[in-house]
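**Student:** Now for the letters of each chain:
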Amino acid sequence: MADTSRAARSESGRIARVLEQDSANLLEAWIAAQSKVLSARGSISANELRSQSREFISLLQKAIASGASSVDGPDWDDVRGFLADLSKSRAIQGFSPRETAMFVFSLKEPLFERLGAAANPDADTRTTDVWNASLILDELGIYTTEVYQKSREQLISRQQQDLLELSTPVVKLWDGILALPMVGTLDSSRTQVAMESLLQRIVETGSDVAILDITGVPTVDTLTAQHLLKTVNAVHLMGAECIISGIRPQIAQTIVHLGVELGDVVTKASLADAFRLALSRTGRTVTRIDAHVNDRA
Amino acid sequence: MTVLRCEIVPVRSQQDVVAVRQSVRSLAVAQGLSLVDQTKVVTAASELARNTLDHGGGGTARLEAVIDNGRTGLRLTFEDRGPGIKDVDLALTDGFTTGNGLGLGLGGAKRLSNEFDLWSRAGEGTRVTITRWR
Numbered sequence: 001m002a003d004t005s006r007a008a009r010s011e012s013g014r015i016a017r018v019l020e021q022d023s024a025n026l027l028e029a030w031i032a033a034q035s036k037v038l039s040a041r042g043s044i045s046a047n048e049l050r051s052q053s054r055e056f057i058s059l060l061q062k063a064i065a066s067g068a069s070s071v072d073g074p075d076w077d078d079v080r081g082f083l084a085d086l087s088k089s090r091a092i093q094g095f096s097p098r099e100t101a102m103f104v105f106s107l108k109e110p111l112f113e114r115l116g117a118a119a120n121p122d123a124d125t126r127t128t129d130v131w132n133a134s135l136i137l138d139e140l141g142i143y144t145t146e147v148y149q150k151s152r153e154q155l156i157s158r159q160q161q162d163l164l165e166l167s168t169p170v171v172k173l174w175d176g177i178l179a180l181p182m183v184g185t186l187d188s189s190r191t192q193v194a195m196e197s198l199l200q201r202i203v204e205t206g207s208d209v210a211i212l213d214i215t216g217v218p219t220v221d222t223l224t225a226q227h228l229l230k231t232v233n234a235v236h237l238m239g240a241e242c243i244i245s246g247i248r249p250q251i252a253q254t255i256v257h258l259g260v261e262l263g264d265v266v267t268k269a270s271l272a273d274a275f276r277l278a279l280s281r282t283g284r285t286v287t288r289i290d291a292h293v294n295d296r297a
Numbered sequence: 001m002t003v004l005r006c007e008i009v010p011v012r013s014q015q016d017v018v019a020v021r022q023s024v025r026s027l028a029v030a031q032g033l034s035l036v037d038q039t040k041v042v043t044a045a046s047e048l049a050r051n052t053l054d055h056g057g058g059g060t061a062r063l064e065a066v067i068d069n070g071r072t073g074l075r076l077t078f079e080d081r082g083p084g085i086k087d088v089d090l091a092l093t094d095g096f097t098t099g100n101g102l103g104l105g106l107g108g109a110k111r112l113s114n115e116f117d118l119w120s121r122a123g124e125g126t127r128v129t130i131t132r133w134r
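These protein sequence lines map, in sequence, to chains A and B. Everything in the first sequence is counted per our numbering, starting at 1 for the first residue and increasing by one. Everything in the second sequence is counted per our numbering, starting at 1 for the first residue and increasing by one.
Just so you know, not all the hints are guaranteed correct.
Said to hold, decoys possible - Per the computed footprint, the stretches of chain B lying under chain A, defined by three or more beta-carbons under 8 angstroms from a beta-carbon of chain A, are:
(1) 13-21
(2) 40-49
(3) 90-103
(4) 107-116
As the list claims (entries may be wrong) - Residues of chain B clear of chain A, computed beta-carbon distances all greater than 10 angstroms:
(5) 9
(6) 58
(7) 77
(8) 86
(9) 129
Note that these hints are calculated values from the structure, not bench results. All of these numbers come straight from a predicted model, not from anything done at the bench. Even for Gly, the Cβ is constructed at its ideal location relative to N, Cα and C.
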């Protein structure tokens, strides 16, 4: 057991030595290899790349010199932390997963060349060194990709949340008249948020009429219709009237074929029609004060 | 009937249902369907994809652009390996539902398409094929 661990230490020692002694040449060769992979978008400056690469080599050298075999161990904390930061920043900067992972993988070629060229006694030792170095870099490369993916997922879920809030603005059209312009896919969670904010605003403003505008909803299927009907019912229960507007001809035909009964729900083709109706229901009318029109009338 | 283009989309989540709708819409536009027909076929696809997800536990949607005797159209096949439908006639009855929906999806999809074919066996799964011609 002691023998194996000593052997492992001397093996890792050779890799660490190559990283330390030949670091300047290794850095140049590695940067050249990375430049080939990175696209010409210039999203990262040569200086930044150089300092990142130099730091990684020195962290890697220290970690390998510590003799710890598993990259999950505490001796590798610095390396993993560095890669996590790099991966996160690259994910935000819009690097592809390939470009991010290749930061680690592109080190293989220049490192292996030097391990092979080092004054090693025999071919077996060289093979072992290359194999060990390969295992380490593979692990680190996969780790980098995982962090990258996690950062992207966080980005996406944050955007979904943003979208959820953005898509449900309740607007006041007039005293006592609210409108909820709905845009995009009406799935359950979005409709829920929309319904809640609409009911809340009805109470706050003491409105009598709410207009649900579905001009921006591309598909009205049975689930969407069900969500709309539930919202209408809830508005009715609050003692307010609900008008659905933005029913285009193709949507009307589809609803008929689906067999959805909208019952006594008031519907209008456009938001303007719905607004006119809402005004008249609340005892108002819109009149043009233009003199020319008055003359003609 | 010749298949011009074929696309297989997984139906595993709510997002996949949205993806199916978008793919069907772009395919319908490419096939030159009118706006009304586009809307009909997209809505039918939405119903069937949601059935595949909710009742079949997920499956696949095969979206095909087809041509037959000079007329072009869209053929959509939704397949799952779920529990199957016990009584097909009952399932097609408006207002019948095993979930808490309106019970109009399957019958509605049938009315929204030109051709409708439903295969299902208890314990084996369900396959629904609809065709909408230009």
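**Student:** Decide, hint by hint, whether the structure agrees.
**Tutor:** Checked hints:
1. Under a criterion of three residues with beta carbons nearer than 8 angstroms to beta carbons of chain A, the stated coverage of the stretch 13-21 of chain B is upheld, 3 such residues being counted.
2. Counting residues of the stretch 40-49 of chain B whose C-beta lies closer than 8 angstroms to any C-beta of chain A gives 5; at least three are required, and the coverage claim holds.
3. Beta-carbon proximity to chain A at under 8 angstroms applies to 3 residues in the stretch 90-103 of chain B; the threshold of 3 is reached and the given coverage holds.
4. With 4 residues having a beta carbon nearer than 8 angstroms to a beta carbon of chain A, the stretch 107-116 of chain B meets the requirement of three or more and the stated coverage holds.
5. No beta-carbon of chain A is positioned within 10 angstroms of the beta-carbon of residue 9(B); the least distance is around 16 angstroms.
6. Listed as a non-interface residue, residue 58(B) keeps its Cβ farther than 10 angstroms from every Cβ of chain A; the least gap is roughly 17 angstroms.
7. Residue-level check passed: residue 77(B) sits 18 angstroms from the nearest beta carbon of chain A, beyond 10 angstroms.
8. With a minimum CB-CB distance of about 21 angstroms to chain A, residue 86(B) clears the 10 angstroms threshold, and the non-interface call stands.
9. Every beta carbon of chain A lies more than 10 angstroms from that of residue 129(B), the smallest distance being close to 18 angstroms; the non-interface claim holds.
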